[in-house]
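S.K.: Sequences are here, hints too, so could you generate the full structure?
One-letter residues, chain by chain:
Number of protein chains: 2
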Amino acid sequence: MLEKGVNISLLLESYGELLTERQREIVGLYRNDDLSLGEISEITGITRQGVSECIRKAEKELVFYEEKLGLQKAYEERKAVLGNVKSTVSSLLKNGDISPETAESILLSLEKAEN
Amino acid sequence: MLEKGVNISLLLESYGELLTERQREIVGLYRNDDLSLGEISEITGITRQGVSECIRKAEKELVFYEEKLGLQKAYEERKAVLGNVKSTVSSLLKNGDISPETAESILLSLEKAEN
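The listed protein sequences derive, respectively, from chains A and B. Sequential numbering of the first sequence, starting at 3, is according to our numbering. Sequential numbering of the second sequence, starting at 3, is according to our numbering.
Just so you know, these hints were derived from the structure itself, not from any lab. Be aware that one or more of the hints could be misleading.
Heads up, the list lumps identical chains together, so a pair's fine if it works in one copy or across two of them.
Taking lysine-lysine pairs in the BS3-like style, the calculated list, with each CA pair at most 25 Å apart, reads [what the hints assert, rightly or not]:
{"no.": "1", "residue 1": "Lys81", "residue 2": "Lys114"}
{"no.": "2", "residue 1": "Lys81", "residue 2": "Lys70"}
{"no.": "3", "residue 1": "Lys75", "residue 2": "Lys114"}
{"no.": "4", "residue 1": "Lys70", "residue 2": "Lys59"}
Quantities reported herein were computed from a predicted structural model and do not represent experimental measurements.
M.R.: This is the structure:
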């Protein structure tokens, strides 16, 4: 099983819809809500072994989708690029080159475009 | 079978990696290169019926992925939002509020962030 970490949570956000509802629920409990295998077993009525197996399989699928589609990677790259634009806009605002309204409108759009 | 059109080509770009190599090749020949079923049959050595079946199945998968992940929809939305920012930047440049270098740098980043 992979290390607990933020990564799988993000992959779950990107590709969770491609998992079954049960897989999504169990991986969410494990990765987002930080429940133990035993706790998830109690909640779902699946054996501890079954929970572990479900997580292993689901996470393998999530990693597969990221390898194929690279949404997370693309998101990080987009975030970095748009972050540069944000910095530029902030500087322009600070120097009085653009109005607060213009800056706000641009920053709001950049925020929207990030996802 | 779906109408020939640009839509499947775009879905193929977004999700093609999730198809088999053979599916990707055949749908590409049909949608991007505009070959007929008969022509694809000759090239690939698969029966016309087999080509038709392959395309039907592959395109159903592409539509399924778009329903689940909505990458194409997200791309269109992002493009529209960033288009607004581009317009604003162009106006700022035109009014002499920002330098050509600053405008160019921002527009280049927006271009990169579109995909």
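S.K.: All hints are to be evaluated individually against the structure, with a verdict given for each.
M.R.: Each hint tested on the structure:
1. For the identical chains of this complex, Lys81 and Lys114 are neighbours both inside a copy (11 Å) and across copies (11 Å), given an alpha-carbon limit of 25 Å.
2. Taking identical chains as interchangeable, the C-alpha atoms of Lys81 and Lys70 lie at most 25 Å apart whether they share a chain (20 Å) or sit on different chains (23 Å).
3. Taking the shortest alpha-carbon separations for Lys75 and Lys114, both the intra-copy value of 18 Å and the inter-copy value of 14 Å come in at or below 25 Å.
4. For the identical chains of this complex, Lys70 and Lys59 are neighbours both inside a copy (17 Å) and across copies (19 Å), given an alpha-carbon limit of 25 Å.
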